[in-house]
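Let the sequences and hints guide you as you build the complete structure.
Reading the sequence shown from the start, the letters are residues 1 to 108 in full-length UniProt numbering.
In short, the hints are calculated from the structure, not lab data. Predicted, not measured: the structure shown is a model, and the values here were computed from it. Where a beta carbon is used, it is the ideal one built from N, C-alpha and C, also for glycine. Treat the hints with caution; some may be incorrect.
Computed list of lysine to aspartate or glutamate pairs in EDC-like fashion (alpha-carbon distance at most 20 Å, straight line) [said to hold, decoys possible]: (1) Lys71 x Glu48; (2) Lys71 x Asp49; (3) Lys71 x Glu47; (4) Lys71 x Glu98.
Distance ranges between label pairs, derived from CB positions [claimed, not checked]: (5) Gly3 x Gly72: 37 to 47 Å; (6) Ser5 x Ala50: 45 to 55 Å; (7) Gly68 x Gly36: 35 to 45 Å; (8) Gly53 x Gly2: 46 to 56 Å; (9) Thr7 x Ala50: 40 to 50 Å; (10) Val11 x Thr44: 23 to 33 Å; (11) Gly3 x His79: 27 to 37 Å; (12) Gly94 x Gly53: 24 to 34 Å; (13) Asp42 x Gly3: 38 to 48 Å; (14) Ala87 x Arg4: 18 to 28 Å; (15) Ser5 x His79: 22 to 32 Å; (16) Met85 x Gly2: 38 to 48 Å; (17) Leu6 x Ala50: 23 to 33 Å; (18) Gly73 x Ser5: 39 to 49 Å.
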Amino acid sequence: MGGRSLTLGPVPVPLTVAILPRRRSGGKRDENDVGGPVLLADPTALEEDASGGNAITIVCNSGGMIVGLHKGGGGRRCHVSTRQMTAIASMGLGRARELEGVDLGERI
1 MGGRSLTLGP VPVPLTVAIL PRRRSGGKRD ENDVGGPVLL ADPTALEEDA
51 SGGNAITIVC NSGGMIVGLH KGGGGRRCHV STRQMTAIAS MGLGRARELE
101 GVDLGERI
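Laid out in C-alpha cells, this is it:
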C-alpha cells in the first residue's frame, strides 16, 4: 500500500489577551478614559493572575482566517465590546501575517 503526502495549510498562530477591569480613580474621568476593560496582549503570568482568569485566546493564520477562539473567565465578569473584540481579531490576524514565512523551528 503506497503512502500519500499530507499538505498542511498556513500555520495557526495564537494570541492571548488578558482582560483587566478598568480602575476608576475617585469617580473622575479624563479624556483618555474610554470605559470598558483594559486589554493586555501577551500577558505575563502576573498580569494573567491579576485578570482573574479573564482572557481571550484567538488563533489565526496568515490566510486571514480565525481558526480558533477561547474566552476564559474567572469569578469576576468582564465584558468585551464588539469594537474591542474586532481589535483583538485584528491583532491576531496581524500577528499571523507578521510570522508568515518565518521559520518557527529556528526560533524555538
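Q.
Can you tell me whether the CB distance of Asp42 to Gly3 sits inside 38 to 48 Å?
A. At roughly 39 Å between Cβ atoms, Gly3 and Asp42 fall inside 38 to 48 Å, so the hint holds.
Q.
Between the alpha carbons of Lys71 and Asp49, is the straight-line distance 20 Å or under?
A. Measuring from Cα to Cα gives roughly 15 Å; hence the hint holds.
Q: Take the C-beta atom of Gly68 and the C-beta atom of Gly36, compute their distance, and say whether it sits inside 35 to 45 Å.
A: 24 Å, violated
Q) Would you say the C-beta atoms of Gly3 and His79 sit inside 27 to 37 Å of each other? A) 50 Å, violated
Q.
Is 46 to 56 Å respected by the C-beta to C-beta distance linking Gly53 and Gly2?
A. 49 Å, holds
Q) Can the suggested window of 38 to 48 Å be confirmed for the beta-carbon pair Met85 and Gly2? A) Given range 38 to 48 Å: holds, Cβ gap about 47 Å.
Q | Thr7 paired with Ala50, Cβ distance criterion 40 to 50 Å | A | 43 Å, holds
Q: Determine whether the Cβ-Cβ distance between Gly94 and Gly53 falls within the hinted range of 24 to 34 Å.
A: Since the Cβ atoms of Gly94 and Gly53 sit about 25 Å apart, the hinted range of 24 to 34 Å holds.
Q. If you draw a straight line from the CA of Lys71 to the CA of Glu98, is it 20 Å or shorter?
A. At roughly 23 Å apart (the allowed maximum being 20 Å), Glu98 and Lys71 break the hint.
Q: Could you grab the alpha-carbon distance between Lys71 and Glu48 and see if it respects the 20 Å cut-off?
A: 13 Å, holds
Q: Given the hint of 45 to 55 Å, check if Ser5 and Ala50 actually sit that far apart at their C-beta atoms.
A: Holds, at about 47 Å.
(Q) Assuming the hint says 37 to 47 Å, is it satisfied by the Cβ distance from Gly3 to Gly72 or not? (A) 40 Å, holds
Checked against the numbered hints above, the structure breaks hints 4, 7, 11, 14, 15, 17 and satisfies the rest.
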